[in-house]
Amino acid sequence: MSDPVTAMETLRFEGFVTVSQAGSLGMITLRGDFGSKPFGTALKKALGLDPPQKRQIAHGNNSTAAWMSPDELLIFCSWEDKATLMTALQKVIGKRHAMVIDVSDARMTFTLTGSNVREVIAKLAPVDLSPGSFEPGELRRTRFGQIAAAFWLVSQDEAKVICFRSVGDYMFKQLKAASTPGSELDIWT
Amino acid sequence: MLIFECPYCGVHAEESELSPGGEAHLKRFGPGSDDADFESYLFIRENPKGVHFERWRHSNGCGKWFHAARCTMTLEVFGTYVAQTFEPPQDLKEKITAKRPGWSWRDFS
Amino acid sequence: MSTRLSSTGRLIDRSQKISFSFNGKNFSGFKGDTLASALLANDQILLGRSFKYHRPRGVVSSGSEEPNALVNLGDGGMFEPNQRTTTTELFDGLSATSQNHWPSLEFDVGAINQYLSRFLPAGFYYKMFIHPRPFWKYIYEPFIRQSAGLGKAPSEKDASTYEHFYAFYDIVVVGGGVAGLQAALTAAKSGKKILLIEQTAHWGGRAPVDGGEVNGQPLDKFVDKCVAVLASMENVTMRTRMMGAGVYDHGYLIAYERLSDHKPEASGPRHRLWRIRTGSIIIATGAIERPLVFSDNDKPGVLLASALRDYIVDYGVSVGDRTVVVTNNDDAYLTAIAVKNAGLEVSAIIDARPNGAGELGEKAKALGISVKAGKGIAKVLGSKRVTGVAICAQAGEGAVLEEIPCDCVAMSGGWSPVVHLYSHCGGKLLWDEEKLMFHPDAHNYPKNHNGKPFILPAGAVSGRMDLSEVLRDATKVGSKAVDSKKTSKPPSARMRVDAPIEAVWMMPQGAGIKLRSKAWLDFQNDVKVSDVQLAAQEGFQSVEHAKRYTTLGMATDQGKLSNINGLATLAASLNAPIPEVGTTTFRPPYTPISMGSIAGLARDEVFQPIRQTPIHVWHEEQGAYMEPVGQWRRPYCYPRTGESYADAVEREINQTRGSLGLIDASTLGKLLIKGPDAAKFLDMLYTNMMSRLKVGKCRYGLMCNENGFLSDDGVVARIDKETFLCHTTSGGADYIHAHMEEWLQTEWWDWKVYVANVTEQFAQVGVVGPNARAVLEKLGGMDVSKDALGFMEWKDGQIGGFKARAYRISFSGELSYEIAVPANQGLAFWQALLEAGQEFGVMPYGTEALHVMRAEKGFIMIGDETDGTVIPQDLGMNWSISQKKTDFLGKRAQERSYMVDVNRWRLVGLQTTDGSVIPDGAYAVGQGRNANGQKNTIGRVTSTYYSPTLQRGIAMGLVHKGPERLGEIIDFPKVDGTIVKVKIVDQVFYDKDGEKQNV
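Chains as they are written, first to last, in this note's numbering: chain A, 1 to 189; chain B, 1 to 109; chain C, 1 to 999.
No lab work stands behind these hints, which were simulated from the structure alone.
The structure presented is a predicted model; accordingly, all values stated were derived computationally and were not measured.
One or more hints might be untrue.
Label-pair restraints from in silico Cβ distances [said to hold, decoys possible]:
(1) Asn450/C with Ser36/A: 55 to 61 Å
(2) Asp43/C with Thr18/A: 50 to 56 Å
(3) Gln90/B with Asn930/C: 41 to 47 Å
Where chain B lies over chain C, by a calculated footprint (3+ residues, C-beta under 8 Å) [said to hold, decoys possible]:
(4) 167 to 176
(5) 243 to 256
For lysine-lysine, the following DSS-like pairs were computed, each having C-alpha atoms within a straight-line distance of at most 30 Å [unchecked claim]:
(6) Lys803/C with Lys91/A
(7) Lys152/C with Lys363/C
(8) Lys93/B with Lys54/A
Virtual Cβ for every residue (Gly too), placed ideally from N, Cα, C.
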């Protein structure tokens, strides 16, 4: 039973940006003193990446690590690589005080594509989305409407948004409403 | 609506991304403490007109608790600092003194 | 007659005709018209009835300050009341109806109120409707409710959509007039990010109406140039039809953008609320002209001098052929000149000042306009519209010197800066004795989070009324906003030489009561000079009290025209200087904004987040009756065709107790606690000794706050030496997670513990009933036998091919397993259980069956047996409080004298003598009465249900010394006045020895 069964059939909406539910991703929460040198070395060994700086995203061989808080990383990988990576992490961490847990099922991810992705996010999150103020490479934890969420820009016209799975339906519906054709502002394009 | 800079993640978070946590630097009194100490720990709070120290949590964000010093009259924010301390940092206290000479708050001044 | 002129009309496009209707009558106007200008062009001068006396009213202004000309706009889902005709842009098919009259605008029965006005003075309602007391509810209130309110409330759901937008700028300039444009232009040179907003559809404000030259060029050319330059700058964003609605702390500005009010057929949202954070806000909101206060100054045809100028110049509309201008300042002379230039007659300028005007006076005289200095209007003639004015000496008491026939009166009592936005955040005002206005105190601008002023007024809002002053001030403020050391050179304009304005708060100054009780201050709420004077006489000295007593300034226009006149009247009555009386508080929004824009996207399906479990879809497909539990929706029960909810609950319980039931328990909070200090940490959080829990075992634990009160409960499983999994209540997971983080981060930060909320990682299913083991064994996988997985143990493995963790715990008293599987596989696992359970007649059960079954077992429920004032000892749960621990959260509080009082109400079972169900929330009464004469209460019900298992009502409750009174019968009065007799019993009604769960 290793096949992931997604929470609902894949959601998709074509507005002035396209909102689509991303396929299942492997997600691992790592809590620990990853800023310390030995921990950093261990991470490098397991993931092939240096720990990301504050609010940044670091890319490794088969994984990406996002800074969530001074003692928490969220590691993204393919669904298939998740178990291997978890084992590798646990191995390099050894007896150090840390927590490695699989949270892949706990979240839902959405992809936004289109030239106005910044606007859709700015309708829901109290974050400065203007070019220059927010750029690819940063992950921002905030709220979208009435729920906690995080997002990052993959490029100037693609963004990812993640939230807890229980509110995935709410998230999809509000992203849909925010990208309704005719509601573009066109202030950054 | 207030904005505080989270000292952990550096985000200038607005109030809707934060949760208030009441007065800062409370000293916990547990079993064995006398009634007066326990009462003050549970119930007695500062209500100053001016310099005040509070706790906030970056709940819609990095999840960390932090301290903030602000003026309750003008809402000027003197600074924010980490929660793992028993008193405000010296440089913050000096900054407040420069702006509000003669201030005092509980045992701090 | 008001009519369309042939020549002027700066803003209208005569080539584009637009048809619209008013009160069912069809009219036509031009593109660029406002509804007000188009109605005036069609000689529709009577536009509504006033609120209290139903007096006929017409347009007074040409902008957002309009108090009179409000209409119901649109139909059905697009219907909206109280829309200002002066700011409503005309569009094809617009349909409007007038408000506040019956049966018709022309003939209104309510107008009889004006003849009763002697009996309806200020405070009438307060005085009249107090006695006799019972009359309020049945007679007065229904009557007042029926007659209160201006427009009608919409009867249909709003068909439009709305949204928010979060934006961040270095500087926001509010107001696109000359001051705003010049300030923006100056500031924009710095390269900082600037947003410039203008509430109307046009740039330039009202300056182009008055003309003049800037740098030797006509003013409108200057405006065009500014707009073109700003539009070409990358760091500048410009939006029209966007109003600065409110200013709040820390540079927070709410702006209201009207996207499709002027083109309802457009797709997309109707309004957008911008939630802006900015370093500083340049307020360039200009000023509003004040009416003069004289008898019958509310007649249709009497309007502000500046408004008349706007209608002529901007819209090519004349309000009347013969105009009388009445003023106490020079500015109104511009109107007389504009009227004359449009080829219409100015019957006279009535100037209250004995010496008349400055250079504009000369200009008017040169055009042959007669100026009557030192005079005033004694009263206005005409009923539904002006037919003339009676002139008197301003210094006198109103003896009529002559009557001048006219059909329009243009009045000017001076200008009031629009200081609203400046004041929202605490900006202080100064009274300018020379200019007779309140303007911002330059030494007291509101400060930002950094202690620096962040609201910077520029132009007329600061009392700079002359074009040359405006340009100078705006340039200075623009530089200041960007901290520029370099001072830019302001554009040049010629300074007009005016004679000083003179204070005229009543015309004539010695007007008697008859004139004063017809002299209107607040047109919308029908407040007269005599009302304010009465309030002062009756002792309302504070302006805030007088305002509420008279309702001055409390209508939808918030007193934009009336506040200063009202204040001056109050000051005069109190014999106090105006600044001493002070202003009332300006509150956002500047003008009313739509409720829809405030809600934004949060309506219908995204009104609020509804949390769904991985099995949610299935519940919905089954037609489960859902109930909210925190933000979750959980099935209350699964009614079948023909079943009531109570029937369904009974069936679900019987089936579960008899064979097999399933419950979706995914909502239960699951917190993972890990670290060398995890056990120590849990010992502090729970009243129990969790550190002694063996790996592989589960324990039910209680959590208290520092006040000693119960806050949450749940089963804790020890995963390994350093790891625990804590279950919390469904609604409590986030709260308890935050509570744990709080103690770890702020008190015990040296403890090595990490907490993670893994609630959503798992779907959790309760497999409950005598056949629970059988169904799991049928699915196959891990050994779930009594020996392999005993009561209060957990085990990892797989069941039916699913990776699973099984907890052998029971909240129903039956043989029960809670199985957690990865959330993505939750639905498949649920379906596998249903299929395998068919031979046992498996049924899903909902939260109500869960509640009843736990109550039969006497298990408490957080939120039912607890309410934030209950300690574990009240519930007889001393067994869960470790006596060996020196400390845990709440321990010290539970030692307080009130907590150990023997008189506390404590938990017992309650059983009615007649088998009925005690009503929810019922209280037990004892002997005697309290200080309020009510019967003393001795206990209350906390949970009460019909038990299908026992086939009678069962309940739990907190009763004074309850456990000491077993067997006693107490009284529970019901709402219908009858009493139900209840016996105090043990709270465990079913299987007290736990034989069923432990098999």
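Verification of the supplied hints:
1. At roughly 35 Å, the beta-carbon separation of Asn450/C and Ser36/A lies outside the given 55 to 61 Å, and the hint is violated.
2. Checked against the hint of 50 to 56 Å, the pair Asp43/C and Thr18/A passes, with Cβ atoms roughly 54 Å apart.
3. Here the CB-CB span from Gln90/B to Asn930/C is close to 56 Å, at odds with the stated 41 to 47 Å.
4. Coverage of a stretch by a chain is defined here by at least three residues with a beta carbon nearer than 8 Å to that chain's beta carbons; for the segment 167 to 176 of chain C and chain B the count is 0, and the condition is violated.
5. Counting residues of the segment 243 to 256 of chain C whose beta carbon lies closer than 8 Å to any beta carbon of chain B gives 5, which meets the minimum of three for the stated coverage.
6. The hinted pair formed by Lys803/C and Lys91/A meets the criterion: a straight-line CA distance of about 22 Å does not exceed 30 Å.
7. Of the supplied pair hints, the one linking Lys152/C and Lys363/C is violated, its CA atoms being roughly 48 Å apart against a limit of 30 Å.
8. Between Lys93/B and Lys54/A the CA atoms are separated by roughly 27 Å; this keeps the pair inside 30 Å, and the hint holds.
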